[in-house]
Structures are given as C-alpha cells and as structure tokens.
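Engineer: Chain by chain, the residues run as shown.
There are 2 protein chains.
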Amino acid sequence: MLSVSPSPRSFLAVRHICHHHVRTRRPLLLLSAPRRAFINTPRRNLRAIDLSEKHLANMKVNGGRLMEELHRTCAFGTGQRWGEATTDTGMSRLSLTDSDKQVRDWFVDATRALGCHTTVDQMGNIFAVRRGRRDGPATFAGSHLDTQPAGGRYDGILGVLAGVEMLRTLVDNDVETEYPVGVVNWTNEEGARFPISMVSSGVWAGVIPLERAHNLQEVGRGTATMKSELERIGYLGTTPASHEAMPMAAHFELHIEQGPKLEATEQKIGVVQGVQGYRWFTVDVRGRESHSGTTDLANRADALLTASKLILHSHRLAARHDALATTGILTLSPGSVNTVPGSVRFSLDIRSPDEARLQLLDDTIRQHFAAIARGGDEEANVFADADAVRGLPCDVSITEDSRSQVLKFDAAAVAAVRKTAERVDAVGGRVIDMTSGAGHDSVYASVRCPTAMVFVPSRDGISHNPREWTSAEDCALGAQVLMGAVLEWDRSRAAAAIGGDGAGSN
Amino acid sequence: MLSVSPSPRSFLAVRHICHHHVRTRRPLLLLSAPRRAFINTPRRNLRAIDLSEKHLANMKVNGGRLMEELHRTCAFGTGQRWGEATTDTGMSRLSLTDSDKQVRDWFVDATRALGCHTTVDQMGNIFAVRRGRRDGPATFAGSHLDTQPAGGRYDGILGVLAGVEMLRTLVDNDVETEYPVGVVNWTNEEGARFPISMVSSGVWAGVIPLERAHNLQEVGRGTATMKSELERIGYLGTTPASHEAMPMAAHFELHIEQGPKLEATEQKIGVVQGVQGYRWFTVDVRGRESHSGTTDLANRADALLTASKLILHSHRLAARHDALATTGILTLSPGSVNTVPGSVRFSLDIRSPDEARLQLLDDTIRQHFAAIARGGDEEANVFADADAVRGLPCDVSITEDSRSQVLKFDAAAVAAVRKTAERVDAVGGRVIDMTSGAGHDSVYASVRCPTAMVFVPSRDGISHNPREWTSAEDCALGAQVLMGAVLEWDRSRAAAAIGGDGAGSN
Chain A
1 MLSVSPSPRS FLAVRHICHH HVRTRRPLLL LSAPRRAFIN TPRRNLRAID
51 LSEKHLANMK VNGGRLMEEL HRTCAFGTGQ RWGEATTDTG MSRLSLTDSD
101 KQVRDWFVDA TRALGCHTTV DQMGNIFAVR RGRRDGPATF AGSHLDTQPA
151 GGRYDGILGV LAGVEMLRTL VDNDVETEYP VGVVNWTNEE GARFPISMVS
201 SGVWAGVIPL ERAHNLQEVG RGTATMKSEL ERIGYLGTTP ASHEAMPMAA
251 HFELHIEQGP KLEATEQKIG VVQGVQGYRW FTVDVRGRES HSGTTDLANR
301 ADALLTASKL ILHSHRLAAR HDALATTGIL TLSPGSVNTV PGSVRFSLDI
351 RSPDEARLQL LDDTIRQHFA AIARGGDEEA NVFADADAVR GLPCDVSITE
401 DSRSQVLKFD AAAVAAVRKT AERVDAVGGR VIDMTSGAGH DSVYASVRCP
451 TAMVFVPSRD GISHNPREWT SAEDCALGAQ VLMGAVLEWD RSRAAAAIGG
501 DGAGSN
Chain R
1 MLSVSPSPRS FLAVRHICHH HVRTRRPLLL LSAPRRAFIN TPRRNLRAID
51 LSEKHLANMK VNGGRLMEEL HRTCAFGTGQ RWGEATTDTG MSRLSLTDSD
101 KQVRDWFVDA TRALGCHTTV DQMGNIFAVR RGRRDGPATF AGSHLDTQPA
151 GGRYDGILGV LAGVEMLRTL VDNDVETEYP VGVVNWTNEE GARFPISMVS
201 SGVWAGVIPL ERAHNLQEVG RGTATMKSEL ERIGYLGTTP ASHEAMPMAA
251 HFELHIEQGP KLEATEQKIG VVQGVQGYRW FTVDVRGRES HSGTTDLANR
301 ADALLTASKL ILHSHRLAAR HDALATTGIL TLSPGSVNTV PGSVRFSLDI
351 RSPDEARLQL LDDTIRQHFA AIARGGDEEA NVFADADAVR GLPCDVSITE
401 DSRSQVLKFD AAAVAAVRKT AERVDAVGGR VIDMTSGAGH DSVYASVRCP
451 TAMVFVPSRD GISHNPREWT SAEDCALGAQ VLMGAVLEWD RSRAAAAIGG
501 DGAGSN
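Sequence order for the protein chains is A and R. UniProt numbering puts the first residue of the first sequence at 1, with every later residue one more than the last. UniProt numbering puts the first residue of the second sequence at 1, with every later residue one more than the last.
FYI, nobody ran anything at the bench for these hints, they're computed from the structure. Careful: at least some of the hints might be erroneous.
When chains are identical, the list treats them as one kind, so a pair holds in a single copy or across two.
Taking lysine to any residue pairs in the SDA-like style, the calculated list, with each CA pair at most 20 Å apart, reads [stated by the list, open to error]:
1. LYS101 <-> THR223
2. LYS60 <-> THR282
3. LYS261 <-> ASN299
4. LYS261 <-> LEU392
5. LYS60 <-> ASN45
6. LYS101 <-> LEU236
7. LYS408 <-> GLU218
8. LYS227 <-> ARG72
9. LYS419 <-> ARG491
10. LYS419 <-> ALA472
11. LYS261 <-> ALA298
12. LYS261 <-> ARG430
13. LYS261 <-> MET434
14. LYS101 <-> SER397
15. LYS54 <-> ARG491
16. LYS261 <-> ASP433
17. LYS261 <-> GLU218
Quick caveat, the model's predicted, so the values are computed rather than measured.
All chains, please: the whole structure from these sequences, using the hints.
Structural biologist: Encoded structure:
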C-alpha cells in the first residue's frame with residue numbers, strides 16, 4: 001500500500017542534483033547545545049523506530065520557540081496593523097519579492113544550522129533534508145512562506161515553521177530517523193503575485209509545464225515573470241523541478257483551517273480527507289467606450305454594467321449549485337469618471353467538493369454569461385435587467401487559467417495523521433475529519449506521493465486577511481501532530497523495509 | 001442686454017498681468033504671407049464692423065488647413081489605432097503630461113506667430129489675444145486640448161483648432177476687429193487625469209478655490225498634483241486664474257455633439273441652449289477580505305458583490321428617473337483571485353437636464369445604497385438578492401466630488417450663434433436647438449460672461465472613444481459658425497459702444 005522505497009538509481013539522482021549548497025558530510029547534530037558533550041565521540045542516537053508510544057507522546061515540540069520564531073520571521077513582509085500587540089499585524093509577503101527572499105534566506109540558514117542539506121530547484125522550491133540511518137527519499141513536512149497581499153501570519157507560514165520546529169525537536173532529543181526527513185518551502189503557493197496557485201508543487205508533480213510557470217507574469221501592471229524574479233532574488237536553482245529529481249516518501253502539511261468549522265464545533269485537529277476542486281477563469285467583457293453625459297442608456301455597450309450582472313449572476317448560480325463563486329480581481333479600461341467603460345477583465349474562482357457539480361456550474365456559467373452579455377430574453381437576464389433599460393450587447397469570453405480536481409488523500413497517510421492526533425494528550429480526542437475548502441501544495445504532492453494534512457482552528461474562520469489568527473496552543477498542537485505523523489510514517493517505512501528484507505518485525 | 005463694456009480699470013488689470021511672454025508692440029499682421037506687401041506702410045485694414053452681411057458670408061475659414069493642422073497636432077499624444085488611414089487613431093493626451101506640453105507649446109507658438117499676445121495663468125489656462133481697434137476684454141473662442149485616456153481627435157481639440165483657424169482667417173483677410181478677439185485653451189477640462197472636470201475654467205470663474213484645484217491628485221496610483229505637474233511642464237503662470245484678472249467679453253465654444261442626435265436628424269449645426277446638470281461621487285464599499293475557498297457565501301462581506309449590486313441599481317434608478325448614471329472607474333483591494341475583496345471604490349456620475357430630478361435621484365441613490373449594503377429586506381434589495389445567498393453587511397459611504405448645475409446659456413449669445421448658423425449657405429438651414437449632455441468649460445465661462453456653444457455632428461454619437469469622428473466638412477461648418485458668432489458679437493459690442501458714446505449708428 002505504501003510506496004516508500006525509491007530505486008537506488010532515483011536516490012543517486014537526488015545526490016547528483018545537490019548543487020546549491022555544498023553537501024556537508026559532517027556528522028549530524030553538531031550544534032552547540034550543551035547536552036552534546038561527546039561531539040567527536042561516535043555514539044548511537046535514539047532511533048525513531050525504537051521509540052515507545054509513550055516516548056513518542058512525551059517528545060514534545062517547543063510551542064514557545066515555534067511562536068517566537070514564527071513572529072520573528074514575520075518581520076519579513078509585515079502587513080497591515082489590526083491590533084495593539086506587537087504581533088497584531090497581517091502579512092504582505094508576495095512570492096519572490098525582497099521580503100520573500102529574506103525569509104527564504106532565513107529558512108536556508110536555519111535548516112542548515114540544524115545540519116540539513118538544502119536544495120533549490122528550478123522553481124525556487126527549497127528542500128531541507130536531515131539524514132536518516134538509511135538513504136532514501138525523505139518524508140517531508142511542507143507548506144509555503146509566501147502570503148496574500150493582505151494576508152495573515154499563519155496561512156502557509158505555520159506549516160513551514162512547524163516543520164523547522166520538528167527538526168529542532170529531533171535534534172534536541174538526539175532522535176535519528178530511519179530514513180531522511182525534510183521540510184519543503186514551495187514557491188508562490190498563493191498564486192497572488194503569479195496567477196497560478198500552487199504552481200511550483202504543480203511543476204514538481206509534472207502537472208504544470210516548467211516553461212508555462214517560468215513565463216507567468218505578475219498580476220497588475222508589472223512585467224516581471226516568475227523566472228526573472230527567481231533570477232533576481234537568487235533562487236533560480238538548476239535542479240530540475242521534478243518529483244523524479246527530488247522524490248518524496250510522503251508529504252504532510254500542517255495548515256490553519258481558514259474556515260469556521262473547528263472553532264464552531266470546539267474541535268482542535270482536523271484530519272483532512274481531501275480537497276474541494278476549483279477552477280479559475282479570466283472573464284473578458286468588451287463593450288464600447290462612450291461619453292457618460294451624451295450617450296443614453298439604451299445606446300451604451302457598458303462593459304462594467306455587464307460585468308456587474310455577470311458577477312452577481314455567478315454568485316446566484318453558485319448558490320443554486322451549493323458551490324462557491326468569487327471575483328477577487330477586476331480591472332477596466334479606459335478608467336475615467338465620465339467615460340462608459342469599453343472593456344472589463346475579471347477573475348472568477350468557482351469551487352465545489354463534487355467534481356460533477358463543479359462541471360455543471362462551469363457549463364451553466366458559460367451559457368448564462370454569453371446570454372447576459374448578448375442581452376437576450378433568457379432566464380439569465382430576468383434578474384439582471386429587471387426594471388432597467390437594456391443597452392447594446394457586449395462580447396464576453398471566458399478563459400480557464402487553472403483547475404484543481406476534487407481530491408481524496410492517501411488513506412494510509414490520513415490514518416497516520418489520525419493515529420497521531422488521537423495519541424496527543426492535549427488534543428483530548430477533539431479530532432474530526434474534514435474536507436479542505438482551499439487548494440494547498442498537498443494537492444500536487446498527492447499526485448506523486450502519499451499525502452495528508454492537519455488542520456488547526458482559525459479564529460472566526462478568517463483567512464486571507466491581516467486578522468487571521470490561531471492561538472499559540474493550537475499552533476503547538478498542530479506542530480505536535482505534524483511531527484508525530486512524520487515519525488509515524490518513518491516507523492512504518494522502516495517496518496515495511498524490514499518486512500521487505502525478510503528480516504521480520506513485531 | 002449685452003454686458004460688453006469693461007471699465008478702463010479692469011482692462012488695465014489685463015495689461016498688468018501680461019507677464020508670460022513679452023508683449024510685442026509691433027503692428028499686427030506682420031507675417032510672411034505675400035499679400036502683405038506694404039508691411040511698413042501704415043494702412044487701414046478692413047474693420048469687422050464695416051463688413052456687409054455678404055462680405056461676412058464670403059469670408060470663409062480654410063477647412064483644409066484646419067483639418068491639416070488638427071491632425072498634425074494630434075501627433076502629440078496619439079492614441080489607439082482603429083482604422084487604416086494615417087489619421088485613424090484616437091488620442092491619449094491626458095492633461096499636463098509631456099504630450100499636453102507639446103501641444104501647448106504649439107498653441108503658444110502658432111498664436112504668437114499670428115501676432116497674438118499669450119498669457120498663462122496659475123491654472124495653466126492659455127489666453128491668446130489678438131488686438132482690436134479699441135482696448136477691452138476680448139471676445140473668446142475657447143475649448144481644451146487635453147483628452148480622455150482613450151479619447152478621440154475632436155472632443156475639445158476641434159474647438160481650439162477652429163479658434164486658431166479663425167485667427168488665421170482674420171489675418172488672411174486683413175480684418176481688424178473693433179475689440180480684441182482671442183482663443184483660450186482651458187486646462188484639464190476632461191477631469192480624466194485630475195478628477196474634477198472643467199476645473200480650470202471653474203477656478204477662473206471663482207467657483208472652485210485655486211488651492212483645491214492645485215492640490216488635486218492624479219487618479220490611479222500616482223502622487224502628482226495639478227500644481228506639481230503645471231510646474232514640471234513649465235505652465236504654472238503667475239497671472240491669477242480669475243475672471244477679474246482676465247475678463248472676457250463673451251465665450252463661444254465649438255464642440256462635437258458627442259451624441260447621435262444631429263446625425264440621426266440630418267442636421268448640421270446644434271445651437272446649444274444649455275447644459276444638463278451632473279454630480280460626481282466616489283463610493284466606498286467596505287466588507288472583509290476572506291479566503292474564497294473556505295468562506296461560505298453566507299459568511300462573506302464581499303465588497304465587490306455589493307458594489308456590483310450598487311452599480312446595477314444606480315442604472316435602474318437612473319432609468320426610472322429619466323436620467324443617466326455611469327461608473328467609469330472601479331478599484332478594489334486586496335486584488336487576488338482567491339480572496340474575497342475587502343474594499344471597493346468606484347466613481348458614480350449622474351446627470352439630468354432637470355435639477356429637481358437630479359436631486360431626487362441623488363437622494364434615492366443614497367437611501368438605496370445604504371439599504372443594499374446593509375442587506376435589508378427593502379425593495380432596493382429585491383432585485384439584488386433574488387435567488388441568491390445573502391452575505392454579511394458591508395459599509396458604504398458616498399462622497400460628492402463635484403457638481404455642475406443645470407444651465408441655460410445667455411440668450412443674446414445663443415442668438416448670435418443662431419443668426420450666424422442661418423447665414424452660412426453650406427449649412428442650408430439645417431440648424432436645431434439642443435441641450436448639451438456633457439459639461440464643458442462654457443458652463444463656468446457662462447457664470448462670468450455671455451456664453452454659447454456650437455455643436456457639429458458626431459458619427460454614431462460616439463465620443464470618449466478613439467473612433468470619435470466628425471467629417472472635415474462638418475468641422476469646417478462649425479468653425480465657420482464659430483468665427484461668425486465671434487465677429488457678430490464684436491459688431492454688436494461696437495454698435496452698443498457707439499450707441500453708448502451717443503455717436504449713433506445705422
């Protein structure tokens with residue numbers, strides 16, 4: 001059931017592509033903590049595989065240190081202030097900006113200081129790997145350090161920081177895993193600056209062509225591409241962005257829920273079963289510019305009036321199909337108070353946990369949008385034109401920019417999360433199964449390796465907002481479950497390998 | 001009936017503020033046309049006041065020269081191409097940009113070459129004045145050289161260029177007016193770059209405070225102000241921008257109709273009786289940013305969805321009140337595909353030829369906008385929410401940025417236009433009375449002097465669009481009527497003055 005054993009050849013591939021930083025062959029755990037007295041004395045560290053359930057339960061992440069490090073690194077790209085406390089600000093750390101470079105540099109330094117080897121691939125994904133007793137692909141904890149332009153301190157950031165805290169905890173406890181474990185920071189997960197979300201895990205998974213990703217232009221009026229910005233900030237690696245060059249044994253992701261369910265039901269840990277599907281579109285409406293004072297309503301081809309109808313109608317159709325529809329970007333031309341807009345471009349994001357329903361919504365939107373823009377008498381226009389003057393027709397075109405299918409995570413990986421969550425005393429059994437409303441890098445990771453996610457509560461369900469907030473206690477619980485799931489996976493691999501070697505195990 | 005005689009003191013004021021270019025005291029008409037053989041010989045030119053009706057009718061503007069000059073100066077700020085011919089492009093000459101500076105420099109050079117004295121005031125308004133036989137405020141032809149970002153070659157431009165053609169025709173025919181005549185180029189008439197339209201004639205009229213105008217910031221993300229841009233391009237004059245410093249005997253403006261009526265009724269000249277009123281607002285909608293995948297429809301305070309409802313509803317209310325409503329600018333924040341917008345700002349322009357109806361529309365919009373944003377069950381929400389999920393309330397605020405009252409032009413000035421239009425053979429009596437849908441600098445000019453406007457047809461009624469087009473024949477007819485009205489006014493002034501001097505006249 002588990003696909004944990006890479007061929008020796010693929011592991012060699014991983015070795016060959018280690019170019020970005022010189023691979024240190026020093027023993028691990030050489031850091032300066034006082035407890036490491038016999039630094040030059042060969043010694044056996046604790047093997048994760050030998051840890052008892054009780055020992056595992058007692059090996060705790062340091063929640064205080066996790067939060068301190070999280071807030072410290074949020075100095076890179078600090079956003080809007082919303083409260084009085086020092087940390088009461090949001091984040092504005094768009095992918096591949098100067099502040100993203102700063103936090104990347106921190107990530108590389110921090111994981112190297114913990115004895116990890118770091119690799120940067122052609123999409124700027126950073127893989128920090130700590131050696132195990134055996135060679136093989138690492139079991140990864142992963143998420144992203146980029147944020148929305150008006151985002152918070154937890155979305156993505158918590159997942160990466162909890163991964164680093166996992167590494168620190170293993171180092172502190174002298175625990176040696178059977179296989180390597182690692183932390184990955186994926187580039188431009190948000191899709192906020194370069195308009196495909198999870199684009200770099202998508203390239204890694206072989207789903208999105210490298211060239212398409214490299215040529216993505218930043219939204220707005222800038223002309224920078226992902227490639228030019230990767231180059232500019234020094235994170236354009238030469239390692240292929242590919243699951244073949246950098247295979248993973250498994251991918252676990254801790255994330256805030258970004259919705260209200262855990263809080264509302266007083267649960268602490270969500271065991272994510274899968275992710276709802278979504279499709280992103282660019283909608284172009286073309287009318288005709290005209291003077292606002294001399295063109296009567298009947299003689300206008302008003303692209304913004306039409307866009308307003310389309311946005312309202314997409315919302316109405318989403319409600320009918322028990323789905324979601326959102327327009328987050330809208331630009332218009334020419335943009336003058338007394339000129340009827342001649343063209344409008346807007347984004348449309350539709351989502352559903354059911355693929356067939358999503359397809360039906362997609363089809364219906366295409367039909368109705370065309371009918372509304374044309375100004376026909378179809379049902380779609382009844383609401384839009386009620387009691388108003390109908391103008392001249394506009395043209396509308398809809399381009400699909402990206403899609404993410406409805407997804408079910410690997411059953412064994414999900415089971416590892418649940419088992420761990422149930423084992424953590426402080427969680428107290430407050431564990432529920434959930435479906436993720438948002439896309440995550442785990443979507444693409446799951447294409448190539450067993451993948452699962454851990455959710456922790458979001459206050460008021462608020463996310464993509466400076467006020468996004470999760471308590472320090474919940475962050476620590478989530479980090480504990482994340483580390484537990486990674487170790488659980490490592491132990492299972494070892495057991496399977498021993499089984500596979502015919503050596504037997506209990 | 002006519003207020004044509006300034007006090008000697010006010011004329012002195014005009015003389016004193018002539019600072020920008022050295023006032024040349026050379027005789028007029030010194031240019032190099034071959035007909036001016038006796039250049040140093042004192043001679044009597046033709047007095048406009050002595051011209052017969054027939055002579056006046058025969059003195060024709062040069063339509064070919066007018067169009068050649070118009071298209072030549074449209075090289076400054078050429079816009080979007082829409083056809084194959086060299087001149088088949090629109091204009092994009094926003095006020096006080098480099099291209100606006102270029103056309104201003106041309107205007108100053110061209111009018112000085114015709115013997116005019118030019119004065120630049122504190123708003124960058126340029127007054128080019130040709131001496132008459134007597135001193136006194138000039139009778140002006142005026143309009144503007146700035147355009148919309150995606151504008152055409154005629155709006156405003158035709159009016160100024162026809163003024164220059166008038167000066168050339170007077171020079172060519174050695175006609176000397178009784179009082180000075182002039183051409184004025186008003187700054188930022190469009191309000192497209194600095195968001196108060198006709199702002200500089202407004203300052204001249206004493207309606208808009210100079211400081212407010214100077215501090216106007218350009219729309220979009222720039223930080224330039226009118227004052228900083230006037231300074232930058234060298235058109236910040238020291239002459240007060242005031243009807244006291246630069247009085248006008250009358251203001252005549254030739255303009256394209258910008259609507260379909262003349263063309264549809266096969267008329268050639270519109271004698272403009274007045275201008276419909278308008279009000280410009282900035283509408284701010286504040287909701288809450290949230291994640292598009294994890295926030296269900298009921299838990300969203302979606303500022304763009306609310307703005308869409310408001311825009312649609314403004315259109316519906318305008319239809320009910322036989323008025324116009326237009327949103328030409330819309331910006332939102334934070335602007336990410338998968339974030340529900342937390343705030344939206346949009347412009348709203350409402351117009352009506354009836355002041356009471358305009359006020360009622362204004363009041364109704366304020367009431368209904370608040371109700372829609374609140375999400376109440378009022379009638380205003382019936383259409384907006386039909387068959388959809390109602391989200392959380394948003395806040396809405398409405399700020400009035402400028403207004404222009406419903407206006408009736410001076411009866412004598414209007415009569416001068418009609419008399420002239422009826423006299424031009426090529427017009428063939430195709431003259432109708434009209435109301436202007438758009439605001440023009442003539443609105444503010446009319447506050448301080450007798451004012452009237454001449455309209456010529458706009459193909460398909462299209463304006464504020466690169467395809468805006470008026471035939472060369474119609475441009476020439478308009479210029480002919482413009483010159484005729486200015487001369488008619490000059491002759492009336494002279495007759496009134498003679499009457500006033502007790503000298504009598506026929």
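Engineer: Of the numbered hints stated previously, which ones are contradicted by the structure, given in increasing order?
Structural biologist: Hints 2, 7, 8, 10, 14, 17 contradicted; others consistent.
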